[in-house]
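Working from the sequences, and respecting the hints, build out all of it.
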Amino acid sequence: MYTEKVMDHFSHPRNVGELENYNGVGEVGNAKCGDIMRIYLKIEDDIIKDVSFKTFGCGAAIATSSIATELIKDKHVDVALELTNKAVIEALDGLPPAKIHCSVLAEEAVKEAIADYKKKQGIIIETHNQCDDCCRTDE
Amino acid sequence: MNNKKIYLDHGATTKVNSDVLKEMIPWFSENYGNPSSIYSLGRQTKDAIENSRLIVADTLNSKASEIYFTSCGTESNNWALKGICNAYKKKGKHIISTNIEHHSILHTLKYLEKQGFEVTYVPVENNGIVLVENIKKAIRKDTILITVMFANNEIGTIQPIKAIGKIAKENDILFHTDAIQAVGTIDIDVNDLQVDLLSLSAHKFYGPKGVGALFIKRGVRIDNLLHGGAQEKTRRAATENIANIVGLAKALQIANKNMDKYVKHIKKLRDLAIKLVIEEIPETLINGDMNNRLPGNINFSFRYIEGEGLLLFLDMNQIFASSGSACTSGSLDPSHVLLAIGLPHEIAHGSLRLTFGWDNNEEDVYKVVKELKEIVKRLRDMSPLYNK
Numbered sequence: 001m002y003t004e005k006v007m008d009h010f011s012h013p014r015n016v017g018e019l020e021n022y023n024g025v026g027e028v029g030n031a032k033c034g035d036i037m038r039i040y041l042k043i044e045d046d047i048i049k050d051v052s053f054k055t056f057g058c059g060a061a062i063a064t065s066s067i068a069t070e071l072i073k074d075k076h077v078d079v080a081l082e083l084t085n086k087a088v089i090e091a092l093d094g095l096p097p098a099k100i101h102c103s104v105l106a107e108e109a110v111k112e113a114i115a116d117y118k119k120k121q122g123i124i125i126e127t128h129n130q131c132d133d134c135c136r137t138d139e
Numbered sequence: 001m002n003n004k005k006i007y008l009d010h011g012a013t014t015k016v017n018s019d020v021l022k023e024m025i026p027w028f029s030e031n032y033g034n035p036s037s038i039y040s041l042g043r044q045t046k047d048a049i050e051n052s053r054l055i056v057a058d059t060l061n062s063k064a065s066e067i068y069f070t071s072c073g074t075e076s077n078n079w080a081l082k083g084i085c086n087a088y089k090k091k092g093k094h095i096i097s098t099n100i101e102h103h104s105i106l107h108t109l110k111y112l113e114k115q116g117f118e119v120t121y122v123p124v125e126n127n128g129i130v131l132v133e134n135i136k137k138a139i140r141k142d143t144i145l146i147t148v149m150f151a152n153n154e155i156g157t158i159q160p161i162k163a164i165g166k167i168a169k170e171n172d173i174l175f176h177t178d179a180i181q182a183v184g185t186i187d188i189d190v191n192d193l194q195v196d197l198l199s200l201s202a203h204k205f206y207g208p209k210g211v212g213a214l215f216i217k218r219g220v221r222i223d224n225l226l227h228g229g230a231q232e233k234t235r236r237a238a239t240e241n242i243a244n245i246v247g248l249a250k251a252l253q254i255a256n257k258n259m260d261k262y263v264k265h266i267k268k269l270r271d272l273a274i275k276l277v278i279e280e281i282p283e284t285l286i287n288g289d290m291n292n293r294l295p296g297n298i299n300f301s302f303r304y305i306e307g308e309g310l311l312l313f314l315d316m317n318q319i320f321a322s323s324g325s326a327c328t329s330g331s332l333d334p335s336h337v338l339l340a341i342g343l344p345h346e347i348a349h350g351s352l353r354l355t356f357g358w359d360n361n362e363e364d365v366y367k368v369v370k371e372l373k374e375i376v377k378r379l380r381d382m383s384p385l386y387n388k
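So the sequences go chain by chain: F and D. When we follow the numbering used here, the leftmost residue of the first sequence carries the number 1, and every step to the right adds one. When we follow the numbering used here, the leftmost residue of the second sequence carries the number 1, and every step to the right adds one.
Think of the hints as simulated: they come from the structure by calculation, not from any bench. Think of the CB as a built atom: it goes at the ideal place given N, C-alpha and C, for glycine as much as any other residue. Nothing false has been slipped in among the hints.
Pairwise CB distance ranges (calculated):
1) M316(D) to A87(F): 24 to 30 Å
2) M7(F) to D223(D): 46 to 52 Å
3) E125(D) to I47(F): 54 to 60 Å
4) N3(D) to H12(F): 16 to 22 Å
5) Y386(D) to I100(F): 22 to 28 Å
6) K137(D) to A98(F): 38 to 44 Å
7) K169(D) to G94(F): 54 to 60 Å
8) H128(F) to Y386(D): 24 to 30 Å
9) D223(D) to H128(F): 50 to 56 Å
10) A237(D) to T127(F): 55 to 61 Å
11) K89(D) to M7(F): 48 to 54 Å
Reference listing, derived: stretches of chain F covered by chain D, where coverage requires no fewer than 3 residues with Cβ under 8 Å from a Cβ of chain D:
12) 5-16
13) 25-38
14) 44-58
Structure representation (structure tokens):
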């Protein structure tokens with residue numbers, strides 16, 4: 001069901017944990033849906049020097065968090081802001097259709113974390129989180 | 001590294017017992033006649049089916065004429081519900097059930113609701129057991145059927161079937177029980193329990209997949225699900241799956257004969273698993289009543305983690321189990337059973353079901369708990385919900 005790349009990032013996730021001196025953090029998803037992603041950024045001169053994540057969620061949620069941290073590390077924040085869920089899926093050699101929302105969460109977590117950093121500098125950027133209201137209450 | 005496969009998902013399915021398989025083989029290519037044919041090759045298969053029917057009837061303490069073979073447990077459940085509702089719709093349109101039934105019951109009830117029937121889903125208590133008085137309160141003048149599962153597939157809780165049978169009888173309402181998880185570990189007597197219909201499925205007790213049975217008490221009217229030839233006394237058309245029917249009967253016979261031994265074996269392993277997990281893994285909950293419970297079933301929730309990751313890591317260690325998490329069900333909602341017993345979503349997502357069987361031993365339990373402890377820690381260390 002998962003590609004080798006997904007299984008690799010799930011079983012050997014990169015950049016797990018909480019950074020000591022982060023200056024940007026973003027959290028998306030909710031426990032009700034079974035996915036929460038939190039991304040920590042350490043940014044110097046608008047360059048992402050270090051990044052880490054903490055995720056509560058399925059194998060795909062852990063893998064998308066892990067690959068997203070790799071994709072934005074050492075990048076300029078404005079470049080990292082352009083990260084799409086599609087790029088996350090491609091970097092993992094694909095995701096099962098039911099798990100696409102995990103890639104969306106990863107994209108949004110990155111954007112939230114950068115928005116948090118920018119906010120501290122007085123710059124407000126708009127973020128939209130699709131997953132805020134994705135939970136179904138019935139079948 | 002010990003790479004032995006440890007299968008702990010006997011609630012999902014079991015392997016076919018070797019004696020059962022042996023009994024089945026001749027009915028594929030040697031004695032393959034159509035049971036409806038009058039020549040000897042056909043008569044042989046007809047006899048094999050009737051002999052199997054006697055075995056099943058003997059086990060359930062019913063008459064042979066009250067046993068009907070089906071293609072699976074799902075068919076038995078569909079047939080019981082749709083067949084009874086259609087046959088008795090002039091009498092009434094109300095059905096009583098619970099909120100923890102298997103999907104083959106719940107989704108069939110949803111379908112019947114679309115056809116104009118009304119269903120009361122009596123909620124279970126937080127221990128996963130329905131109160132008989134709540135079933136009684138739900139009875140209306142137009143109630144035609146009560147359907148309550150014998151034992152739950154996820155949390156193993158055993159429902160008060162005999163007491164429900166009694167009130168169904170007193171109120172002249174038909175009573176169906178989905179006994180698919182119960183057969184093989186609980187001795188069932190349909191007369192004593194006063195059930196009118198009972199579903200069972202062979203692959204849950206070391207029989208083959210693709211065959212089930214429905215007990216229909218004499219005198220109960222039921223519409224066909226399958227129309228066609230005159231098989232199963234015209235109530236279920238289709239050429240009989242002889243090898244599977246023979247396999248079902250043989251598996252049931254063996255299960256019944258060894259039941260005490262089996263129950264003792266799986267209960268011992270299950271209880272050891274509970275003891276070790278509770279000792280070794282903090283912030284673990286047990287879902288479902290501990291006393292009225294299938295002997296081989298345990299269902300844990302590990303706080304702060306999600307079940308799919310747990311299953312994937314267990315799988316990497318050749319340990320096969322199941323979870324009620326949303327990610328393993330294909331929807332965003334976790335198991336309806338775990339929500340029905342009052343678990344918050346995030347705790348329901350972190351559930352793990354272990355169901356033990358013949359091939360498991362104590363060594364397996366120690367290995368599983370050791371791996372489980374490491375996996376839970378690993379996932380918790382990754383979880384933003386866990387702050388320790």
